[in-house]
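One letter stands for each residue in the lines below.
4 protein chains.
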Amino acid sequence: MSGPDDALKSAQDWWKTGIIKMRPGVIEFGGYPVQDLIGRLSFPDMIWLLLRGDVPTPEQGRLLEAALVASVDHGPHAPSIAIARMAVSCGVELNTAMASAVGVLGDSHGGAGQQCMELFEMVREERAAGLGLDAAVDRGLDRYHAVHGKIVAGYGHRFHPVDPRARPLLALVEAAAADGVVSGEYVPIAWAIEAAIQRRTGKPIPMNIDGATAVIFAELGFAPPLGRGLFILSRSVGILAHAWEQSQTGRRNMGPMPKEIPFTYTGPEGRSIDDARPADPDVDP
Amino acid sequence: MSGPDDALKSAQDWWKTGIIKMRPGVIEFGGYPVQDLIGRLSFPDMIWLLLRGDVPTPEQGRLLEAALVASVDHGPHAPSIAIARMAVSCGVELNTAMASAVGVLGDSHGGAGQQCMELFEMVREERAAGLGLDAAVDRGLDRYHAVHGKIVAGYGHRFHPVDPRARPLLALVEAAAADGVVSGEYVPIAWAIEAAIQRRTGKPIPMNIDGATAVIFAELGFAPPLGRGLFILSRSVGILAHAWEQSQTGRRNMGPMPKEIPFTYTGPEGRSIDDARPADPDVDP
Amino acid sequence: MSGPDDALKSAQDWWKTGIIKMRPGVIEFGGYPVQDLIGRLSFPDMIWLLLRGDVPTPEQGRLLEAALVASVDHGPHAPSIAIARMAVSCGVELNTAMASAVGVLGDSHGGAGQQCMELFEMVREERAAGLGLDAAVDRGLDRYHAVHGKIVAGYGHRFHPVDPRARPLLALVEAAAADGVVSGEYVPIAWAIEAAIQRRTGKPIPMNIDGATAVIFAELGFAPPLGRGLFILSRSVGILAHAWEQSQTGRRNMGPMPKEIPFTYTGPEGRSIDDARPADPDVDP
Amino acid sequence: MSGPDDALKSAQDWWKTGIIKMRPGVIEFGGYPVQDLIGRLSFPDMIWLLLRGDVPTPEQGRLLEAALVASVDHGPHAPSIAIARMAVSCGVELNTAMASAVGVLGDSHGGAGQQCMELFEMVREERAAGLGLDAAVDRGLDRYHAVHGKIVAGYGHRFHPVDPRARPLLALVEAAAADGVVSGEYVPIAWAIEAAIQRRTGKPIPMNIDGATAVIFAELGFAPPLGRGLFILSRSVGILAHAWEQSQTGRRNMGPMPKEIPFTYTGPEGRSIDDARPADPDVDP
Chain A
1 MSGPDDALKS
11 AQDWWKTGII
21 KMRPGVIEFG
31 GYPVQDLIGR
41 LSFPDMIWLL
51 LRGDVPTPEQ
61 GRLLEAALVA
71 SVDHGPHAPS
81 IAIARMAVSC
91 GVELNTAMAS
101 AVGVLGDSHG
111 GAGQQCMELF
121 EMVREERAAG
131 LGLDAAVDRG
141 LDRYHAVHGK
151 IVAGYGHRFH
161 PVDPRARPLL
171 ALVEAAAADG
181 VVSGEYVPIA
191 WAIEAAIQRR
201 TGKPIPMNID
211 GATAVIFAEL
221 GFAPPLGRGL
231 FILSRSVGIL
241 AHAWEQSQTG
251 RRNMGPMPKE
261 IPFTYTGPEG
271 RSIDDARPAD
281 PDVDP
Chain B
1 MSGPDDALKS
11 AQDWWKTGII
21 KMRPGVIEFG
31 GYPVQDLIGR
41 LSFPDMIWLL
51 LRGDVPTPEQ
61 GRLLEAALVA
71 SVDHGPHAPS
81 IAIARMAVSC
91 GVELNTAMAS
101 AVGVLGDSHG
111 GAGQQCMELF
121 EMVREERAAG
131 LGLDAAVDRG
141 LDRYHAVHGK
151 IVAGYGHRFH
161 PVDPRARPLL
171 ALVEAAAADG
181 VVSGEYVPIA
191 WAIEAAIQRR
201 TGKPIPMNID
211 GATAVIFAEL
221 GFAPPLGRGL
231 FILSRSVGIL
241 AHAWEQSQTG
251 RRNMGPMPKE
261 IPFTYTGPEG
271 RSIDDARPAD
281 PDVDP
Chain C
1 MSGPDDALKS
11 AQDWWKTGII
21 KMRPGVIEFG
31 GYPVQDLIGR
41 LSFPDMIWLL
51 LRGDVPTPEQ
61 GRLLEAALVA
71 SVDHGPHAPS
81 IAIARMAVSC
91 GVELNTAMAS
101 AVGVLGDSHG
111 GAGQQCMELF
121 EMVREERAAG
131 LGLDAAVDRG
141 LDRYHAVHGK
151 IVAGYGHRFH
161 PVDPRARPLL
171 ALVEAAAADG
181 VVSGEYVPIA
191 WAIEAAIQRR
201 TGKPIPMNID
211 GATAVIFAEL
221 GFAPPLGRGL
231 FILSRSVGIL
241 AHAWEQSQTG
251 RRNMGPMPKE
261 IPFTYTGPEG
271 RSIDDARPAD
281 PDVDP
Chain D
1 MSGPDDALKS
11 AQDWWKTGII
21 KMRPGVIEFG
31 GYPVQDLIGR
41 LSFPDMIWLL
51 LRGDVPTPEQ
61 GRLLEAALVA
71 SVDHGPHAPS
81 IAIARMAVSC
91 GVELNTAMAS
101 AVGVLGDSHG
111 GAGQQCMELF
121 EMVREERAAG
131 LGLDAAVDRG
141 LDRYHAVHGK
151 IVAGYGHRFH
161 PVDPRARPLL
171 ALVEAAAADG
181 VVSGEYVPIA
191 WAIEAAIQRR
201 TGKPIPMNID
211 GATAVIFAEL
221 GFAPPLGRGL
231 FILSRSVGIL
241 AHAWEQSQTG
251 RRNMGPMPKE
261 IPFTYTGPEG
271 RSIDDARPAD
281 PDVDP
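Chains as they are written, first to last, in my numbering: chain A, 1 to 285; chain B, 1 to 285; chain C, 1 to 285; chain D, 1 to 285.
It is worth saying that the hints were derived from the structure and are not from the lab.
Misleading hints may appear alongside valid ones.
Note: identical chains are not told apart, hence a pair may lie in one copy or across any two.
For lysine-lysine, the following BS3-like pairs were computed, each having C-alpha atoms within a straight-line distance of at most 30 Å [said to hold, decoys possible]:
| no. | residue 1 | residue 2 |
| --- | --- | --- |
| 1 | Lys203 | Lys150 |
| 2 | Lys259 | Lys150 |
| 3 | Lys9 | Lys259 |
| 4 | Lys203 | Lys259 |
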């Protein structure tokens, strides 16, 4: 760094990006002027362009769209949705409520798609290394459990015996594979995993929404962390909707349960600070 | 509250909602089974359904879509985008980076559309009370300034002399009005406000993206706070894209400028704690 | 802006601050080298120094400390605490859980102290304008209600008939006033407001924790918005503690109630998308 | 779950905690009535009580206090501080600004203390397994690098050749060990790691603030994740202070650099959507 020119160049490069170009009066995404995209690209197409740097085919865009439509909401029993509603009752604006809710879309709540995509990738690698489908799934599952523990993300549901969203999504991706829109290589992997889990556990644990969208995202070539990212874009819709509905009620400071239902206390009872701090002239003379 | 049945009923109603119905194996939005919507509704249609409780016409859905496409990103000079990128460099996952960024879409950054819709509404009320367009705009602007200060949200841009996104959006909403998709009542209001601002300030301050999307959202019947909510859904795309691009660089703890550019210190210099706390036997014996 | 030197200067000033000075090997707060403060200032003293630019007297620091100690937690029925616990169950780290929880300390949950300080200030202004205490309180309350609605922040509690934290805090500030540590002018205002509310409503609505800490913060000369800020610092302790306790349980995706308690659905039933979209060749050919 | 009583009991236990007991008029922490703690416990003592369930000795409380005092702020070059300031300029309240900033205290920004405590623990385990100090440090470092990569958290600083906060903190913990307040077992481990890093890299990489506070937290018996949690409590002070200072300036929508310094664009140039979407009758008829 030898002078102001170098420092300035360094400052400009500090924020370099390949996503957007901006000059006064000019906004381009991936080299496309924004004014040419408005009214021409669907919202999912635009999501794709920003994440991938290229425009998808209309068929790719529609497959992505189906996944985004399917995950928007799972009701107030989902922590993110409950949080959005409680946040609004605390007197914050929609942006703050949405931020608090989006923040909790972590490994267990919003990361299932990502983890499932990682599992698919492990199986695909084992396939590429020469294993047959079932053997590759077995090796993939073993590798997966070593990283992520015993729960296989994308399969099974605490609430729904069969997730009503999974089948329609799989039907769409199978149709897209038949039409050559996607390769279709992840579909048999996903079903083989379902079968392997049943073999291993002795009970049916069917694919859920996260597994089904993971198939779509993987088929469309998204990296696993974007499985989480795309889920967040989708679930943000439900988060906004519940925050908005809550804001219409005017309730203030809504806790998780009515105050008439007290929470259980499990700690020690009846202690005296005089015992713990018999004489503390420094703090309390 | 007379017994456990009442307490339980109270707990169920605590989280009541008209957005989603859920039973084991059943998910419905506004009374529509989710499996019937997948592959059939566009993502903007689904956003509409959750926020409004009904399915829009395809034409309404496409007008909403154009607004969502237009606002996705404004580059690293936008605080929300810079925050998403810095957050990732701090070692957090995408959900946390997105939460920190979404949180700052407050009154000045994400609230412009909402405020502009409030202004439109004020003008519409004055019209409904019998004033002509220009007089209604003048009264509306006076009311607006009393609440929101001197900057008129939705007009003018610090960076773009003319916002390249505004005209194409207005063209779409004008076409939709011509086709009877929307009433078109907010379009002349929006232009009359632009003219009034020029009269008042003596310089052209053209409608920007927030003004143009405010026209669309108002024409489609969204309440003003949802102008902010819809903007957040749109800008979340750019937030995700920049967070993801940043994550590929591997940089750690990226501040706002290179450390070679020191920040200016404006406070007092060279004070001694011995002067401020000559003898403090309590804390430092 | 005429050259790189100007641009650089502008970049340095962009982030100017009077709080901290930093050079390689040097960190100073308000002109005091950090190494001289460690082990010498209490944590509340340090909070004061950063917010006010000066070191408080030990007595001022201890009064601030009492307020910070009193507000740390209000259990899982407080939205912020419930959110911290749910967040952790979603698989996020402590920073993300704390962020989601801190975010909801908005006008109704964390802003009560700030609003109460604003009320005190309104009464003080009326006193300064020549009104007697009771008349000033009446005018102050009228002004307050016009801005903040009918609930007087700082008085009354949904859960505690008498807030056990209020009296001990008031006793400390009264003692501090007797010792000349603070002026004591806000103490009679706070009691007079309690009396006025009882006169107006016909029932006792005693001062709560927010009212008592508002007295302390006002007596110590903090601006009203810092009433919220200091509360956030205090409540962050409970947020962290509950997030940590929750993390020890290993529970995943904890919603607000057991799933055996279904939430009530209030929306329309049994609608068919075929009716809403009889023929939509664009989206579903 | 056989009836409403069971469901209610399940709801009460859903939120069970050992931190706080609450009944109307009663608030207890770890069995101590809150009114007995106000004015008697220091703020760090209270933090300890909530996190550990017991009251520390005054000496333990003061050692914790020193660590909390030392980490409050590192200026606007720290992402968390820059974010707090930008957030405020976007028109959000202090709670939202603090949430956005606290959220980014992730593995690289706020997790250094936690990681350093994990390293100390690895070395302590190797010691307990019979290795001498230097050999235990070598094994510990190898284990650490396998998990966390090549950077050793708690040592070295991008900005300060010597961190002015480290030595004074170590002096306090050494004095506490001499007085029997803590065991002192982590102090030699911390120094031996510094020596080992120098041996391995050939250059001095001295302990920084995160290393020094990690020694204190470990000596006081905190679990490693609480190293991050305690840092967050401390840094929240600087976050609040900078948010507050920024709010006094009235600036709106402050990006990371002046707009006169454009960000570098690295993507493709001059593409036409007509090439990417030659004919898309579905979206743009």
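Quick rundown of the hints versus the structure:
Proximity of Lys203 and Lys150 under a CA criterion of 30 Å is satisfied intra-copy only: 15 Å inside one chain copy versus 44 Å between copies. In this assembly of identical chains, Lys259 and Lys150 lie within 30 Å of each other by CA distance solely across copies; the values are 22 Å between and 36 Å within a copy. In the homo-oligomer, the alpha carbons of Lys9 and Lys259 lie at most 30 Å apart only across protomers (13 Å), although the nearest pairing inside one protomer, at 58 Å, exceeds that limit. Taking identical chains as interchangeable, the C-alpha atoms of Lys203 and Lys259 lie at most 30 Å apart only when they sit on different chains, with a minimum of 22 Å there against 40 Å within one chain.
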